[in-house]
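Undergrad: Spelled out, the chains give:
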Amino acid sequence: MNTRTRKLAVLTSVLALTALAGACGAGGKDDDDKGGGGGATEVGVTDAAVTIGGTFPLTGVAAPGYSEIPTGAQAYFDYVNANGGVHGRSIEFLVKDDGYDPTKTSSLTDELVLKDKVFATLGSLGTPTHNAVVDSLNDQEVPDLFVSSGALAWGDDPGAHPWTFGWQPDYEIEGKIIGQWVSENMPDAKVGLFLQDDDFGEDAEKGVREYIDAQVVEAQRYTSGNTDVGPQIAALQASGADLVLSFTTPSYTALGQLVSLKLGFKPQWYVSNVGSDPTLVGGLLERFSEGAVPGTASSLNGVMTTRYIPGVDQPDNPWVQLWQKVWDESGQDGELTNYRIYGMSFAYTFVQALEAAGEDLTRDGLVEAIEDDGGDFAGPQLAPYRYSSDSHLGISGMQVVELQDGVGQPVTDVLTTDIGDSEIATDDSGQADDAPPESGLPE
Amino acid sequence: MQQLINTALGGLTLGMVYAAFALALVLIWRSTHVVNFAQAPMAMVTTFVALEIIDHGHSYWLGFAVALAAGLVLGAVVERVVVRPVEGGPEINAVILTLGLFIVLHALASVVFGNRYRSFPAAFGIRGIDVGGTTIALTGFGIFTILAVLAVMTLLVLLFRFTDLGLRMRAAAFNQEVARLLGVRVGRMLTLGWALAALVGSLSGLLIAGGSLVSPGYMDSVVVYGFVAAVLGGLDSPVGAVVGGLFLGLSLSFVSGYVGSQLVALAALAILMAVLFLRPDGLFAPARERRV
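Protein sequence lines correspond, in order, to chains A and B.
FYI, in my numbering the residues of the first sequence are 28 to 470.
FYI, in my numbering the residues of the second sequence are -2 to 289.
Everything labelled a hint here was simulated from the structure, so no lab data went into it.
The reader is advised that the hints may include incorrect statements.
[Said to hold, decoys possible] Taking lysine to any residue and the SDA-like style, the derived pairs with C-alpha atoms no more than 20 angstroms apart in a straight line are:
(1) A:K293 with B:A168
(2) A:K123 with B:Q(-1)
(3) A:K217 with B:Q(-1)
(4) A:K293 with B:R115
(5) A:K131 with B:G129
(6) A:K144 with A:P155
(7) A:K293 with B:D52
(8) A:K293 with B:D127
(9) A:K217 with A:D269
(10) A:K131 with A:D184
(11) A:K293 with B:R113
(12) A:K293 with B:V128
(13) A:K217 with B:G122
(14) A:K352 with A:K233
(15) A:K123 with B:Q0
(16) A:K293 with B:S107
(17) A:K131 with B:V128
(18) A:K123 with B:V108
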């Protein structure tokens, strides 16, 4: 039986290598040479155009929903370009698919910076993915704008990452706002946490525990990529939690709901803004068992979430009307979705930043403009930005809503706060009543 | 207690899927002495075929049957067209070839079916069964999974142990020359082995897809766990494959529930290494002859 053992050994080593290759996926740091610096003209900028780029998961477990974000941003840039661009320059937006895999993010970002020579990165998506490139972008002094993730790392310490800016409300203030709401309105609830096992879950947990540490009976974490969340939900059920705060991406929101159905676990759910799109999650849930889960948007009925920009459930909102017009004019396939609106919204902020930076566009000038003027940028956000030289964090607040047939019913006013022990207050800036200019271009 | 039961039941269903995949590997190993790395993408392709049929408004079971039939055909075609030219050479050539096939099928599926995550329906409902007022983590589809895998295992045992055909397949795999001299149509046996293995593989693809999300990569983790299960069982034994699958499914479920989901892949590797240290031929290998 000698050959047999040998064959088995070959097979085993191949298998071990496969597993090892998988396990190594998370590493990936690169020591790049400095990318081409200043000079007379800025990298990625000509008189006619400015080239920017970003990495997004167009494939893989994080792709549902998130893959639509760059299409929205592209639609808005098409609209701006058709109306003369910014300071006479059109905006060229390059999109790379990293599949939510940090190793790929590194090489694709290098490609954007070194080969495509982008002026800045914009909207690059994901906490674990962007963590892999944030240092290298800052070392190379490439503006790294409006990361599509609410991790604190994108703005809580501008000294460490002077070139990186967040955009959406960070997960800590989302955790704080829902934490305070629970402590005031459901003080007897036994709270379970269902968290993604990275900065996303960690930052949110920090915020939640500031208010309801004593109410939390169980915290369970899932690893993105492993679609079996049965054991985690079983543990939450066993803990007796009757309110689950879920900081999950859309696929995992769907998987969590599905397993709960399997286990007969029926708590009150709160789902983080990033994972609660009723159309998308409902669409994923709907077909699992012909008819066992009710139709599209209503499958998340009664689930609480937050919102910080107007979405497709508010067709009368002037911003949503603008986005609808922009989307229709772009002629891309598909409907206007909340993810596309998200992409358009940060694209709008980027156009504002370009305008504020003036005609002589430089990387330094752009960062300075956001730090100086960003706090006063108008736009669709319900609460003002926090941009300054001390903070590169984005939108300062959000509103708690409850989903009914895909429409978010306000539960609170727009609440604003900041990281750390900053108080939560009702927003009095009137930002939420802001309407877009007639032209649809920031003024 | 409830968590213990539910974690165990979740592991049981998952283990059965690993077992189904391991059975396909055992089948192909016994009938051709090759390990087929392309098993997973082949199953992924047939599952997508089923999904396309269901999405066009046909019944779940039509999709199910067509996927199994597609598996049978795909297995035979792969053997005749791709593997046949390297047969007779060192077996490692065929193994490497299946690795290449793995990548090609992956890419083709992305082009044809798209890279989106799509949900795959499950027959028999996805709500847990009610036992005395508490819901346990065993769905109608879970029970179907368990029964289907046990049935396949029994059929394979019967095939190899009690039928003439099974004997001929084993002979063809064991020694082609001698088998040929004894009148076995070796080429035909190899094709049949691949076809049957792909059929069982398709079944495992359908079982793991039911009530979950599918994308071109959804079988990738099953490849690793299915191989581990098959190796645990000794690669030769259908019963061993099922026991290996169950053991792995339960262990990983408990690791995920009580230790941490980030350790699942590591635990699978640790189990594999431990078994190979203690019993290099797998748990169910026949006693070794002594070498003199």
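Undergrad: Each hint: holds or not?
TA: Verification of the hints:
1. A:K293 with B:A168: Violated - the C-alpha atoms of A168 of chain B and K293 of chain A are around 56 angstroms apart, more than 20 angstroms.
2. A:K123 with B:Q(-1): 45 angstroms, violated
3. A:K217 with B:Q(-1): The hint holds at about 18 angstroms.
4. A:K293 with B:R115: 25 angstroms, violated
5. A:K131 with B:G129: 50 angstroms, violated
6. A:K144 with A:P155: 24 angstroms, violated
7. A:K293 with B:D52: 30 angstroms, violated
8. A:K293 with B:D127: Status holds; Cα separation ~14 angstroms.
9. A:K217 with A:D269: 5 angstroms, holds
10. A:K131 with A:D184: 26 angstroms, violated
11. A:K293 with B:R113: 29 angstroms, violated
12. A:K293 with B:V128: 17 angstroms, holds
13. A:K217 with B:G122: This hinted pair is violated, its Cα atoms lying about 30 angstroms apart.
14. A:K352 with A:K233: 40 angstroms, violated
15. A:K123 with B:Q0: Roughly 42 angstroms separates the two Cα atoms, so the pair is violated.
16. A:K293 with B:S107: 36 angstroms, violated
17. A:K131 with B:V128: Roughly 47 angstroms between the alpha carbons, so the hint for K131 of chain A and V128 of chain B is violated.
18. A:K123 with B:V108: Given that 20 angstroms is the threshold and the Cα spacing comes to 17 angstroms, the pair holds.
Violated hints, listed in ascending order, are 1, 2, 4, 5, 6, 7, 10, 11, 13, 14, 15, 16, 17; each of the other numbered hints is respected by the structure.
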